[in-house]
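Using the sequences provided together with the hints, build the complete structure.
There are 2 protein chains.
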Amino acid sequence: MAKKRTTKKRTTSKGPGPAVRSTDKATLARIDKLADKVVRTSLAKKDPNLVIPSRSLSNTSYNKSKRILQMGSATSDRPLFDLKTARKFMQTVLLSSGVKDLVGAGKTLSLRGMYYMSLHTIQGTKEKTLNDQTESDAVLEDLEVMLGSLREELHVFAKKRGTMIGNITIIDNGDEINCRKMGTGGYAIPSICEDSVIQFKNCEADFVLHVEKDTVWQRFNEDRFWEKHNCILTEGSGQPPRGVRRMLRRLNEELGLPVYCLLDCDPWGHYIYSVIKQGSIALAYESQRMAIPDAKFMGIRAIDYERCGLSDDVQIALNDRDITRAKQIADYPWFANKKPWQLEIKKMLSNGFKMEVESLITKDISYVTEVYVPERLDAQDWLD
Amino acid sequence: MAKKRTTKKRTTSKGPGPAVRSTDKATLARIDKLADKVVRTSLAKKDPNLVIPSRSLSNTSYNKSKRILQMGSATSDRPLFDLKTARKFMQTVLLSSGVKDLVGAGKTLSLRGMYYMSLHTIQGTKEKTLNDQTESDAVLEDLEVMLGSLREELHVFAKKRGTMIGNITIIDNGDEINCRKMGTGGYAIPSICEDSVIQFKNCEADFVLHVEKDTVWQRFNEDRFWEKHNCILTEGSGQPPRGVRRMLRRLNEELGLPVYCLLDCDPWGHYIYSVIKQGSIALAYESQRMAIPDAKFMGIRAIDYERCGLSDDVQIALNDRDITRAKQIADYPWFANKKPWQLEIKKMLSNGFKMEVESLITKDISYVTEVYVPERLDAQDWLD
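Chains A and B supply the protein sequences, listed in that same order.
In terms of my numbering, the first sequence opens at residue 1 and continues consecutively.
In terms of my numbering, the second sequence opens at residue 1 and continues consecutively.
Careful, some of the hints might be misleading.
Distance condition first, Cα-Cα at most 16 Å in a straight line; then the derived EDC-like pairs of lysine to aspartate or glutamate [unchecked claim]:
#1 B:Lys-181 x A:Asp-175
#2 A:Lys-128 x B:Asp-312
#3 A:Lys-107 x B:Asp-223
#4 B:Lys-128 x A:Asp-312
#5 A:Lys-100 x A:Asp-32
#6 B:Lys-181 x A:Glu-176
#7 B:Lys-107 x A:Asp-364
#8 B:Lys-100 x A:Asp-364
#9 A:Lys-181 x A:Glu-227
#10 A:Lys-107 x B:Asp-364
#11 B:Lys-64 x B:Asp-294
#12 A:Lys-181 x B:Glu-176
These are calculated hints, taken from the structure and not from any lab test.
Set out below in structure tokens:
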């Protein structure tokens, strides 16, 4: 029954991927400016230098009014004529050039791909431009902050995870995707969710429910929760990757949809919420484009053990590492002054156990979709 | 801009998920038969016993004519009145009952969900039915072989991964999914790809190209390879999960599409191919429904270093573990008698290095989609 292979030499109507758009032009202009400065300095017979905004923890702070993590103004120099920084200077210019080619060609590459693209032996030596991918990854983070462009705007992406379904139609690279008709599988959220690739078309949803795990998402999809409760349903397979965070942020910011998070009652669940809400401490510069300060934590709550009448079957003892992490998270500036969060973490610690979302299955297979979440929504009962 | 939450109490047209279909009826009948036997034995005042086909390695063999892994006829007893097996007997009956409820309700659950569903304290004791999820996972594997039903037919699934795009329209739980119009994200391949959930509608594709990583898949999708070469493009994010394997198998078996695999040139890539082709040694009983004996290994080949004129940038040294694994794989019965595979592994070992698919980026961003794979397809150059 196998058919003969036929190669169609047709011209594609869409070109080789996202074309050079206005955001791409802005990115290219910033790279040109960076390169110009190096050239001008050299021609003026001065020492070329790159100024890199510092990504250290000490240069990260919580902006209370904007309610996001922010980088301070500290910078570090990366002069060419210094044995300590010469190699990094070369790598920074090399990766800038690679990004320029990539954006110019309207193509995207993975972090791994960028490593290979920039890897070669320096002429006349036996030295490689890069020892391993950690070097190119770090330089790409430098480039993000130097250029003021998200990595996605540099056309570089990481592994994708996460799926979406619900009352929304989106346009993805010209294709219309009706997320109400995506079966059991769903739409795979891409790594790059910038508006140059993804546009929102029709959305009747009232909110977004983001769940931690794809297995829980499956329960909600199977019970057609998104249809009954008029929402969008997303999952990030644990800590959501940047594509999912950017999608959630855009749904919140551009469509005004509240984002409710259903995560485990454990320090990992609290940390996932913290990253969705305020951003990652290690990558503070992305927060202004990724964080959702209004995101709500719906559960699982430490009081649910009593409130939902759960049996001791669901208890997973907190270990020493959990306890340490829980106390660290309680001290995060955005939780430290919030009494409900202090009580939540205190209650979990006094319980002495964690609980997973799946533990609600001990009540009934569909308890979480038919009782737990609807009750929280009706009572507007969540942590902020 | 946030809208007020409105809960729609509409009746869904599709019911609560996959309805009880003919395969489900067959599964239910098998569970009833199992339970009947236990009851009849008890009423006859004989000792109840469950007979479990043995999943041990010694009971696994390679069927040369069918070209798949197969289980032998060895079984083990699981009597109720034996201290060594009483607990497992109880768990087996308990999980059977859980599966019956699940299938009867037309719902599905994750392995984790099945654990919680079956977990309780045995009346009048302090003993739990299950100590941890490994116990319920093992019993579910027993049930698969006892009932002769795939885990998916028991409505139980594991974490999903993997995406698909290309010249095919499928029906997923009643929704029509045009895989030609799935943007940059793609259709997320569900955990359960049985024909009770997924049906194929229109397919013009000539073959399936399965790539190891989502980041490589992204390159092929962006270059619209599936459109130019009239194919379906899948990825499994490493070792493909059962959903992806079952989807590939059905595309091969029901639509007669050849499956070409583009994987890394390393023992892990060879092992992924081996599992796609013959099945997993640890779970031989699934092979007859999952394995694709005709699947081809397109590359990366050890000769590609010279053939494609790659630089030493792409070399990743084989470590001791790689060398041991490579020799083990060379000894697999389905590779042992194939000279091309023996030469392939020998060449990799004499190279002394591995190569990733992404290493082709050192030639050009789109070398893999524009040169490498088209050349292999035209020359029908692959390993079998």
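* Asked: For this structure, which hints from the list above don't hold up?
  -> none
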